[in-house]
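> Read off the chains here:
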Amino acid sequence: MKDFHVVVLIKPSPDIEKVKFDTVRGVVDRSSAPLEINPFDLNALEAAAQIKEKLGGEITAISMAPPMAEPVLKDAIARGADRAILLTDKRFAGADTLATSYTLASAIKKLGKFDLIICGEKTVDGDTAQVGPEVAEHLGIPHVAYVSRIEGVSKERLLVVSDMGVPYLMELRLPGLITVTKDVNKPRLPTLRDKLKARKTKIEVWTADDLADVADVNRFGFSGSPTRVVKAFVLTEKKRKGVIFKGEDAVDKLIEVLEREGILR
Amino acid sequence: MSEYKGILVFSEQRDGDIHPISFELLGKAREIADKKKCEVYSVLLGYQMREKAKELIYFGADKVFLYDHPLLKEFDVINYKQNMVNLIREEKPEIVLIGATPLGRSLAPRIAAALKTGLTADCIDLQLDENGELIQVRPAFTGNLIAHIKTSTRPVMTTVRYKVFKARERDLTRKGDIVEKEVEIVEDVGVRVVRKESVEVVNISDAEIIVSGGRGLKKPEDLKILEELANLLGGVVGASRPLVDEGWISKDHQVGFSGNIVRPKLYLACGISGSPQHLAGMRDSEIIVAINIDPSAPIFNVADYGIVGDLYEIIPKLIEKLKNRKRGVKG
Ligand SMILES: Cc1cc2nc3c(=O)[nH]c(=O)nc-3n(C[C@H](O)[C@H](O)[C@H](O)COP(=O)(O)OP(=O)(O)OC[C@H]3O[C@@H](n4cnc5c(N)ncnc54)[C@H](O)[C@@H]3O)c2cc1C
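Those sequence lines, one after another, are chains A and B.
Quick note: the first sequence uses our numbering, first residue 1, plus one each step.
Quick note: the second sequence uses our numbering, first residue 1001, plus one each step.
No lab work stands behind these hints: they were computed from the structure.
Each hint should be verified, as a subset may be incorrect.
[Stated by the list, open to error] Reference excerpt, derived from the structure (chain B facing chain A, CB under 7 Å, subset only):
| # | residue |
| --- | --- |
| 1 | Lys-1054 |
| 2 | Ala-1147 |
| 3 | Val-1179 |
| 4 | Ser-1258 |
Glycine is no exception: its CB is placed at the ideal position from the N, C-alpha and C atoms.
Only chain A is shown next, with the shape it has when bound in the complex:
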């Protein structure tokens, strides 16, 4: 019987709590925080690892990122991926979700084998939640987004709970794609042995040329991206009253303002 093949798509993103923003230029100082696996993608990797424990097979992690993201893919190996592919090329740069998803989908085509693709729900930097469903569309496979529980897995289908405001139990025929929320599992920490294995595993690097036989290279990167950021700025909090009540009658004063604000009638 053929091996079950899971692909996990990973975005190397900065730690949001550490990253610094340049308020004047409205840009992110990317050097201020090292790249790490986007937190939601940790859940995707854990889901893949748990499925592999049941069905066996192989997990491939794929990431489109600059060369400096290599340690992030090593981390993916430590967390259960058997193989990791870094798509890196100047021609991939400046990609929006359409170009990113097209590039990732092309790499999956090139890989040639997949039964299930797992993505995190969204990323902490881009926060679009678009890449997963767009990859599914490029590949012409069904998808279920916002998966908060995996109820059952077989080599042919997946039974999952999708959190669409109300939870729906959904059946997905494979090959298919899911995007997972943080509720789907609690990612394990890699053991020392996992880390050693990761250190020994070589990260495969693919460039635009490597995908040329399965893709239209004009659809990569900046040239394949219809959306442009024309302006960006660091959020300034809305001006708030900032009234602090102290002392014995603090609660009375709070009730007073809630009356005045029309909250209490």
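Given chain A, work out where chain B with the ligand should sit, using these hints.
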């Protein structure tokens, strides 16, 4: 490019009810269309919804495209996408607006990828530049950054956050056409709803008053005092992520980046520090009140009113006074 005209609003329905975001989007679409001198279209996919389709006209649509089929009653991402793609190819709208609900955010990317067009996620404002081109305003980096985005392909596709725009007054005198379209059904799409889970969920994004608890609470039972306070105020209980991850409360109560985005009249944060991820879910609340023992907690930076102190003293006192007030007793 100029063959693309008009604004198309996707109308989301569940169990035959139109989601209020659809009316909000029609309100904004109307405003943009009046400036651009173009029409507003709406599309509704569902089953036996002709009567409800009229509502879309009352709320601002000039024309409603109706796709009526039993298989469209429930959200079916492939068939919804297929019919949306067909419609957009036929009608060529310049702009397509979709609510940034879980359904919208699952569906819109598939449409955009199929049409090879740009899509901007979860917008909190839409503006027109001097050439009448759409500027899409959205947060990024967990809400720390605001970006203005333009799209070079047509249609310009956008998902828009719930409750950022106001619906217009329902106008029963508005006239418009309801055009029934031929439905294309893709058989065997590979994904199906087995059942809707029968659990009670709070619809926290619709709540006007939210009393939220965080790690300042010492044990799960203590959520009861927040519940009592919420009941007295006519609101619902919210929570920061750690309480949900610990299993103290279900995730429909979670506020924040990986939970729900809320915009209530009153957000009362009790024992919540105000992490960037939490703020991303509630910073646009009308009035924010914080109760926290630590005067340097970041939540106070976004609070209109705050009390520095132990929530275990303040909340019971607040509850008692509110009860007395209800009974008409002073003090
Ligand atoms: C990818 C990602 C997504 C996330 N998404 C979310 C999200 O959606 N929502 C979310 O909330 N978090 C989210 N987080 C977690 C976030 O980073 C914080 O860890 C979390 O918000 C902290 O919750 P808290 O404020 O309840 O706890 P803490 O930060 O521990 O704050 C507890 C507060 O309670 C106060 N306190 C303690 N005792 C008392 C008392 N007796 N009386 C009054 N005050 C008291 C303390 O002074 C402190 O300020 C996310 C994190 C990541 C990495």
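> Which earlier hints turn out false for this structure, listed by number in ascending order?
As far as the earlier hints go, 1, 3 are violated by this structure, in ascending order.
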